[in-house]
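Trainee: Next come the chains, spelled out residue by residue.
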Amino acid sequence: MSDATRQVSTVDTGVEDRKTTIRLLIGLPLLCAVILGGWSIWRQTADLDDIEARQLAWGTILELTRQHIVLTLITTAVVLVTAIPAGILLTRGSFRRYSGFVTGFANAGQAAPVIGLIVLLAIWLGFNTRTAVLSLAIYGFLPVLRNTIVGLQQVDQTLVEAARGMGMSAVDVLRRVELPLAMPVIMAGVRTALVLVVGAAAFATFINAGGLGALITTGINLFRYSILVSGAVIIAVVALLVDWAGRVLEVLLTPKGTT
Amino acid sequence: MSTTTSGQPAPEKDSPTSAVSGAEIVFDNVVKTYPGQSTPAVDNLSLTVPAGKIVMFIGPSGCGKTTTLKMINRLHEPTSGTITIDGEDIRSKNATELRRTIGYVIQGGSLFPHMTVEENIALVPGLLKWDKKDIAARVEDLLELVGLDPSRYRNRYPKELSGGQQQRVGVARGLAADPPVLLMDEPFGAVDPITRQRLQDELMSIQEELQKTIVCVTHDIDEAIKLGDRILLLSEGAHVAQYDTPQEILSNPADEFVEDFVGSGSSLKQLSLSRVDELELQQPVIASVGDEGSAAAAAARAAGQKDVIVLDARRRPVGWYSLGEATRMSRLPQESHEDISVVDRRATINDALDSMLASSHGGVLVTGRRDEFLGVVTFTAVTEHIRSTSESSPS
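Quick mapping for you: the protein sequence lines, in order, are chains X and Y. Following my numbering, the numbering of the first sequence begins with 28 at its first residue and continues without gaps. Following my numbering, the numbering of the second sequence begins with 48 at its first residue and continues without gaps.
Please keep in mind that the hints were generated in silico from the structure rather than gathered at the bench. Warning: the hint list may mix true and false statements.
What the hints assert, rightly or not - Mimicking DSS-like on lysine-lysine, the simulated pairs with C-alpha atoms at most 30 angstroms apart in a straight line are:
| no. | chain 1 | residue 1 | chain 2 | residue 2 |
| --- | --- | --- | --- | --- |
| 1 | Y | Lys-179 | X | Lys-283 |
| 2 | Y | Lys-176 | Y | Lys-140 |
| 3 | Y | Lys-179 | Y | Lys-206 |
| 4 | Y | Lys-117 | Y | Lys-176 |
| 5 | X | Lys-283 | X | Lys-46 |
| 6 | Y | Lys-180 | Y | Lys-206 |
| 7 | Y | Lys-176 | Y | Lys-206 |
| 8 | Y | Lys-140 | Y | Lys-179 |
| 9 | Y | Lys-206 | X | Lys-283 |
| 10 | Y | Lys-140 | Y | Lys-117 |
| 11 | Y | Lys-180 | Y | Lys-140 |
| 12 | Y | Lys-316 | X | Lys-283 |
| 13 | Y | Lys-176 | X | Lys-283 |
| 14 | X | Lys-46 | Y | Lys-206 |
| 15 | Y | Lys-117 | Y | Lys-206 |
Claimed, not checked - Residues on chain Y that point at chain X, a partial pick, calculated with CB under 8 angstroms:
| no. | residue |
| --- | --- |
| 16 | Ser-157 |
| 17 | His-161 |
| 18 | Leu-170 |
| 19 | Lys-206 |
Quantities reported herein were computed from a predicted structural model and do not represent experimental measurements. Just so you know, even glycine gets a beta-carbon here, dropped at the ideal spot from N, CA and C.
Using the sequences plus the hints, can you model the full thing?
Mentor: Laid out in structure tokens, this is it:
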């Protein structure tokens with residue numbers, strides 16, 4: 028891996044060294060437990076008014092969190108089934124020449140403010156979860172696409188030629204050599220996308236698509252900072268946990284023998 | 048083809064000792080022009096690679112030797128002309144199927160890092176849909192063949208192997224489906240000289256057994272002389288400068304280009320033509336693992352020797368001590384703390400000289416099949432040999 032990461036150092040693929048990964052795998056859940064524990068104690072002991080008590084009811088919080096996570100997962104699934112095949116395609120034969128163009132386009136998708144995108148698309152397509160998923164997917168598309176392309180490009184070409192020279196078909200080479208060897212880089216992109224999406228999903232509430240963003244907007248509208256801060260804290264914890272889950276997947280999917 | 052060349056095979060170097068399993072490869076007016084280039088990389092090459100022989104492709108970089116090699120397994124397609132293997136046009140079946148019948152060995156082994164040794168070797172048999180049991184047995188045989196203990200190495204990943212071991216696995220992988228033709232692209236370029244020498248020796252003993260048709264690209268003239276039954280020396284555009292046995296290329300270079308390429312030290316290069324087993328081996332008194340040190344030393348001294356050579360139960364050399372060292376040992380141990388200089392009997396005299404320079408005993412031990420001890424080559428024996436050959440061939 029060291030060669031590979033050095034080669035692509037101009038593009039930050041988010042691949043970390045093993046020690047950092049292990050430290051984060053243990054540290055992140057601990058940190059989340061501490062934050063959540065602290066918040067729960069505050070929630071149980073604080074003197075809350077009617078509005079606060081209703082908004083911060085355990086049932087409401089759990090439901091909003093569920094919506095938030097579902098939104099994130101559906102969006103990520105959409106990103107995976109579009110960006111990975113697109114990345115693969117853009118490293119094949121004559122499609123290679125379009126990779127700059129498509130990456131630039133995806134860059135624009137990420138650079139556009141999500142809040143603008145989500146509202147504009149909602150005016151056009153309707154205020155619902157589907158629109159939220161679409162705009163979040165546009166937002167999270169780039170890291171997965173870029174890392175898929177970079178991950179595949181950094182696979183040692185002599186290995187690819189060796190595989191072809193041994194009589195593997197193009198599909199075999201992709202499936203058994205290129206994708207496994209690109210997996211750490213691709214998964215780092217997936218993790219980046221997950222974290223981007225989980226944060227941006229807070230905006231879904233603006234177009235009636237649910238999620239923890241509701242706590243933040245309610246908090247602002249009703250001048251209840253306890254609700255606002257609670258929403259922010261819970262989103263942060265969910266983001267950290269999603270990042271952690273991404274790391275676990277990354278470790279599980281990185282083929283043995285390559286680290 | 049230039050007029051000075053002989054495209055036809057020269058007289059045989061030595062007759063095969065076991066059944067030839069290789070196939071003949073014939074190039075007929077093969078041209079390869081890369082798009083956007085005016086001069087062809089391979090310009091009208093006609094060539095016959097005889098079945099069961101090792102042919103070394105050598106020439107300056109950019110001469111088209113690798114392109115020529117890769118046209119055999121269709122990693123590069125000829126612009127015109129035909130290539131046949133065993134009389135069959137390689138374009139008669141699809142490239143993927145063709146490649147499964149041709150072994151391919153690349154510099155450094157090019158093992159897939161995410162697959163174990165076993166998975167790497169089993170790849171082509173797997174593509175050919177062999178039975179699982181047959182594949183496992185085949186992997187075991189091949190690891191034995193290249194001198195790696197299957198139980199120890201089968202489940203290792205490439206990064207857990209040394210460079211030489213990776214290259215051995217690379218050779219095993221190339222031979223996995225028992226292909227009649229083996230293509231090697233600078234196979235031993237990435238390992239240190241001593242390991243390279245061992246790998247070359249091993250390749251030769253494997254070839255003695257298997258009699259494949261091996262086409263091997265190299266940039267090392269000594270390697271070409273050592274391994275090749277025939278050497279194809281190419282100049283730019285893959286023009287055949289000379290295609291002949293190593294002896295002929297050394298003693299009768301076709302033109303100035305060949306002479307320059309082979310180098311001025313060609314009488315010394317003759318040392319790469321002679322094998323260690325052509326020399327007279329000394330047969331010293333030997334000791335076995337577990338013998339009493341002082342007794343072994345006394346026996347050696349009585350025979351007029353200055354050192355004690357220790358063999359294990361399978362007659363493999365495991366220790367080489369001075370009389371003093373041996374006397375101080377109560378029992379001769381199974382493992383020596385220092386490296387002992389050993390060459391295979393198929394090693395060239397050049398290799399033996401190299402190893403001697405690293406040895407503190409003024410000689411090297413010679414081993415045969417399965418590393419069994421055959422005798423000792425001394426520096427005196429080598430100089431004697433050089434003197435006798437230079438007297439017999441005035442140059």
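Trainee: If a hint holds in the structure, say so; if it does not, say that too.
Mentor: Now the hints, each set against the structure:
1. Lys-179(Y) to Lys-283(X): Since the Cα atoms of Lys-179(Y) and Lys-283(X) sit roughly 22 angstroms apart, the hinted pair holds (cutoff 30 angstroms).
2. Lys-176(Y) to Lys-140(Y): Distance of about 18 angstroms is within 30 angstroms: holds.
3. Lys-179(Y) to Lys-206(Y): Status holds; Cα separation ~25 angstroms.
4. Lys-117(Y) to Lys-176(Y): Answer holds: Lys-117(Y) to Lys-176(Y) is near 25 angstroms, not above 30 angstroms.
5. Lys-283(X) to Lys-46(X): Judged against 30 angstroms, a Cα distance of about 16 angstroms means the pair holds.
6. Lys-180(Y) to Lys-206(Y): OK: Lys-180(Y) and Lys-206(Y) at ~26 angstroms, within 30 angstroms.
7. Lys-176(Y) to Lys-206(Y): Status holds; Cα separation ~27 angstroms.
8. Lys-140(Y) to Lys-179(Y): Given that 30 angstroms is the threshold and the Cα spacing comes to 26 angstroms, the pair holds.
9. Lys-206(Y) to Lys-283(X): holds, 11 angstroms
10. Lys-140(Y) to Lys-117(Y): holds, 16 angstroms
11. Lys-180(Y) to Lys-140(Y): OK: Lys-180(Y) and Lys-140(Y) at ~28 angstroms, within 30 angstroms.
12. Lys-316(Y) to Lys-283(X): Since the Cα atoms of Lys-316(Y) and Lys-283(X) sit roughly 45 angstroms apart, the hinted pair is violated (cutoff 30 angstroms).
13. Lys-176(Y) to Lys-283(X): holds, 25 angstroms
14. Lys-46(X) to Lys-206(Y): holds, 19 angstroms
15. Lys-117(Y) to Lys-206(Y): holds, 27 angstroms
16. Ser-157: Constraint on Ser-157(Y) satisfied, holds at 4 angstroms.
17. His-161: His-161(Y) check passes; min Cβ-Cβ to chain X is 4 angstroms, inside 8 angstroms.
18. Leu-170: Constraint on Leu-170(Y) satisfied, holds at 6 angstroms.
19. Lys-206: Lys-206(Y) check passes; min Cβ-Cβ to chain X is 6 angstroms, inside 8 angstroms.
Violated hints amount to a single one, hint 12; each of the other numbered hints is respected by the structure.
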